[in-house]
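Visitor: Given next are the chains, with one letter for each unit.
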Amino acid sequence: MTTMPTAHAVQVGDVGPALRLGPISRTDLVRYAGASGDFNPMHHDDVAAREAGYPSVFAMGLYLGGVMARMVVDWFGLAALRSYELRFLRQTWPQDEIAISSHVTEVVAGLATIAIDARHQDGAAMAAASATVRTGRPG
Amino acid sequence: MSEIAGSAHPQTAARAAELARFVGQPLTRVTMRVEAGKVAEFARALHDPNPIYRDPEAARSAGFSNVPAPPTFSTVLAHYPLDSDEPRSPAAAVVAHLGLRRERTLNGAQRWTYERVPVAGDDLTATVVVTSVESRDGKSGNSFVSITAATEYRDRRDELVLSETVTLLELADVPR
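Just so you know, the sequences run in chain order A and B. Just so you know, our numbering puts 63 at position 55 of the first sequence, and the rest follows in order with no gaps. Just so you know, our numbering puts 258 at position 63 of the second sequence, and the rest follows in order with no gaps.
Fair warning: there could be bad hints in the mix.
[As the list claims (entries may be wrong)] Straight-line distance between alpha carbons at most 20 Å, and here's what the computed SDA-like set of lysine to any residue pairs gives:
#: 1; chain 1: B; residue 1: LYS233; chain 2: A; residue 2: ASP36
#: 2; chain 1: B; residue 1: LYS334; chain 2: A; residue 2: PHE47
#: 3; chain 1: B; residue 1: LYS334; chain 2: A; residue 2: ARG95
#: 4; chain 1: B; residue 1: LYS334; chain 2: A; residue 2: ALA132
#: 5; chain 1: B; residue 1: LYS334; chain 2: A; residue 2: GLY42
#: 6; chain 1: B; residue 1: LYS233; chain 2: A; residue 2: GLY42
#: 7; chain 1: B; residue 1: LYS334; chain 2: A; residue 2: ALA136
#: 8; chain 1: B; residue 1: LYS233; chain 2: A; residue 2: ALA133
#: 9; chain 1: B; residue 1: LYS334; chain 2: A; residue 2: LEU97
#: 10; chain 1: B; residue 1: LYS233; chain 2: A; residue 2: THR35
#: 11; chain 1: B; residue 1: LYS233; chain 2: A; residue 2: VAL38
#: 12; chain 1: B; residue 1: LYS334; chain 2: A; residue 2: ALA133
Treat the hints as calculated values from the structure; they're not laboratory data.
Turn these sequences into a full structure, and let the hints guide you.
Guide: This is the structure:
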């Protein structure tokens, strides 16, 4: 499970870890609220969310974004991480099931860029992430 | 989200103009500890079984001096429950100073650049600056104000550990 920060021979197109998140429950969101300290009621209070005009509570962006980051840590080890970025494309709702996958998009001078995709069960892209990791190799 | 810079909606453009005065202003400066219990709790909330987040021995085997903070853990510091009525934590400071409507504010994008991975026991001092405010029109017809804030986290020796930018979208209307 623990990945040592050792050299990884990777090439553009290599496919990394994947996982299926969900169906997301309200308990998942409340647990993440407590862990992160993000108590915006839109993420845990259905009454407040409906009053604001939403059909229900919805997930914090970083709940999904945090799970997506795990693909890179499981693959290269946390010590290899240089940068991580997220772009959110759609809100995440209770009962959503999201398929997360990862692949290498660039390898330059000992650094690899990893794309992490998150796709809803209806096929839509939920968020796009990209990470830069040290591969420990000059190529 | 595809969009055009500068909203055609007068109210959204006016809201951006009202918030523009915060650009370049430091909003808060606060020191917070990376706590081992919070690291484990955060990993649990992300369904991540990795032992490096629970076991100092596993963390040391992976090259860390103590349990390391997972990626995106800075959100725990941003929402740190400080013993004060003042909105001093990074997230609270941005929301309070700019008066953001929390029920209509979504996370648009976020980026972290690591100098090193924070570990439990680190005391990190966060400074937050708003770097841009723009009004935009989304494809769906909804307009929004895009607010970008940059946070630097420095350790006890004042060395940069992590820099972060977040782009918040304050929507004109709740999305349908």
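Visitor: Look at each hint and say if it fits the structure.
Guide: These are the hints, each one checked on the structure:
{"no.": "1", "hint": "B:LYS233 x A:ASP36", "result": "holds (16 Å)"}
{"no.": "2", "hint": "B:LYS334 x A:PHE47", "result": "violated (29 Å)"}
{"no.": "3", "hint": "B:LYS334 x A:ARG95", "result": "holds (16 Å)"}
{"no.": "4", "hint": "B:LYS334 x A:ALA132", "result": "holds (16 Å)"}
{"no.": "5", "hint": "B:LYS334 x A:GLY42", "result": "violated (34 Å)"}
{"no.": "6", "hint": "B:LYS233 x A:GLY42", "result": "holds (10 Å)"}
{"no.": "7", "hint": "B:LYS334 x A:ALA136", "result": "holds (18 Å)"}
{"no.": "8", "hint": "B:LYS233 x A:ALA133", "result": "violated (30 Å)"}
{"no.": "9", "hint": "B:LYS334 x A:LEU97", "result": "holds (12 Å)"}
{"no.": "10", "hint": "B:LYS233 x A:THR35", "result": "holds (18 Å)"}
{"no.": "11", "hint": "B:LYS233 x A:VAL38", "result": "holds (15 Å)"}
{"no.": "12", "hint": "B:LYS334 x A:ALA133", "result": "holds (16 Å)"}
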